[in-house]
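Quick note, the sequences are listed as chains A and B, same order. Each residue of the first sequence is one higher than the one before, counting from 1 in this note's numbering. Each residue of the second sequence is one higher than the one before, counting from 1 in this note's numbering.
Hints listed in this document are in silico derivations from the structure and should not be mistaken for laboratory results. The C-beta atom is built at its ideal place from N, Cα and C for all residues, glycine as well. All the given hints hold, so there is nothing to weed out.
Here are some chain B residues pointing at chain A (derived, C-beta under 10 Å):
1. Y6
2. W15
3. F16
4. S18
5. R24
6. E29
7. V89
8. Q92
9. A93
10. Q97
11. G99
12. E100
13. E101
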Amino acid sequence: MSEERQIQLEVLRYNPETDSQPRYQTYTVPCVNEWVVLDALNYVKENLDPTLSYRWSCHMAVCGSCGYMINGEPKLGCKAFIHEYGDHIRVEPLANFPIERDLVTVVEDFIAKLASVKPYLIPKEDKPISAGEFRQTPAELKKYKQYTLCINCMLCYAACPQYGLVPEFLGPAAISMAHRYNQDSRDGGRDQRQEVVATDEGVWECSFVGACSEVCPKHVDPAGALQQVKVASTIDWYKEHLMPWVKK
Amino acid sequence: MSRKPYVREVSKTTWFLSQPRYKRYMAREVTCVFILIYTFLLICALGALAKGPDAFQAFLHALRGPLGVLFNLAALVATVYHSMSWFDVTPQAMPIQRGEEFVPGNVIVGAHYGAWAVVSLIILIWGI
Numbered sequence: 001m002s003e004e005r006q007i008q009l010e011v012l013r014y015n016p017e018t019d020s021q022p023r024y025q026t027y028t029v030p031c032v033n034e035w036v037v038l039d040a041l042n043y044v045k046e047n048l049d050p051t052l053s054y055r056w057s058c059h060m061a062v063c064g065s066c067g068y069m070i071n072g073e074p075k076l077g078c079k080a081f082i083h084e085y086g087d088h089i090r091v092e093p094l095a096n097f098p099i100e101r102d103l104v105t106v107v108e109d110f111i112a113k114l115a116s117v118k119p120y121l122i123p124k125e126d127k128p129i130s131a132g133e134f135r136q137t138p139a140e141l142k143k144y145k146q147y148t149l150c151i152n153c154m155l156c157y158a159a160c161p162q163y164g165l166v167p168e169f170l171g172p173a174a175i176s177m178a179h180r181y182n183q184d185s186r187d188g189g190r191d192q193r194q195e196v197v198a199t200d201e202g203v204w205e206c207s208f209v210g211a212c213s214e215v216c217p218k219h220v221d222p223a224g225a226l227q228q229v230k231v232a233s234t235i236d237w238y239k240e241h242l243m244p245w246v247k248k
Numbered sequence: 001m002s003r004k005p006y007v008r009e010v011s012k013t014t015w016f017l018s019q020p021r022y023k024r025y026m027a028r029e030v031t032c033v034f035i036l037i038y039t040f041l042l043i044c045a046l047g048a049l050a051k052g053p054d055a056f057q058a059f060l061h062a063l064r065g066p067l068g069v070l071f072n073l074a075a076l077v078a079t080v081y082h083s084m085s086w087f088d089v090t091p092q093a094m095p096i097q098r099g100e101e102f103v104p105g106n107v108i109v110g111a112h113y114g115a116w117a118v119v120s121l122i123i124l125i126w127g128i
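Let the hints inform the model, and build the full structure from the sequences given.
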């Protein structure tokens with residue numbers, strides 16, 4: 001049975017046309033326990049305040065659009081159930097990103113970083129279509145499968161204190177995506193990605209706080225991916241300096 | 001319409017107070033200070049040893065004072081916490097795939113604790 005209750009939904013509002021800084025606005029929302037925070041936002045938008053701006057699309061943790069800070073924690077609005085919270089819920093835009101309007105953040109920085117790691121297969125060698133598909137064993141697939149689950153929701157960037165302090169940091173999701181393709185047996189683009197990834201502002205900016213993996217809604221474990229990239233990059237360095245005759 | 005994004009500044013000095021997980025991280029990092037001082041003491045011990053038996057005995061005597069014992073106890077606690085916090089994350093940094101499946105994380109962590117116990121035991125027996 002659905003139990004109805006009222007919650008106070010406190011939302012950080014920012015209108016770039018009229019506000020010099022963000023302000024909180026509280027809405028009283030009647031909701032049922034099965035609702036998620038995104039449902040409460042939709043109720044506000046449809047019934048109380050049509051000016052409220054926020055991103056969402058699929059409502060099922062696939063599109064990665066509805067990331068907000070919910071009671072200070074980066075969460076997907078569609079996965080944060082009302083029954084897990086008390087009667088007062090605070091929703092803010094994702095931390096570490098500039099606010100465009102209300103809960104909408106500026107994400108160009110992340111998009112550019114993601115593109116910079118070439119997140120697509122770069123085959124080792126061209127082969128004609130007539131030569132058939134690039135085959136892969138189940139073990140080879142399993143090696144990187146976990147990293148394919150990333151939905152680019154940016155919760156990991158909102159959780160990462162390093163990204164907050166050093167905005168140039170390439171960040172958890174972009175490096176995890178580079179790792180995903182580097183681990184793929186069909187790929188030969190690691191050297192190209194390492195030029196961006198194995199740099200001070202790449203993986204070496206990470207100090208393994210681990211917050212990215214704690215908040216990841218898809219259990220991608222970006223922190224693990226970054227540490228593996230560090231290990232591999234360190235081995236590269238030793239090979240290059242101690243054994244220059246060994247090909248990478 | 002022109003854009004006017006609002007940037008929320010992050011405090012460079014107090015950021016880690018904002019979340020418990022950041023405090024846990026800082027606790028892990030702070031333990032390095034004890035390990036640094038302990039390493040410095042080891043170098044001092046080598047220096048004293050190089051000067052001769054009297055200098056080394058004097059160094060050992062100084063370490064047996066209340067400050068020396070207190071520091072060693074604090075360094076032991078810090079080192080154990082440091083090691084455990086790193087052992088716990090080894091499955092993330094060093095996953096091992098055998099065939100199709102990955103070796104369970106607790107096996108990798110357990111192997112580290114096992115190796116730690118063996119090395120500690122050897123040093124203790126050798127020391128006695």
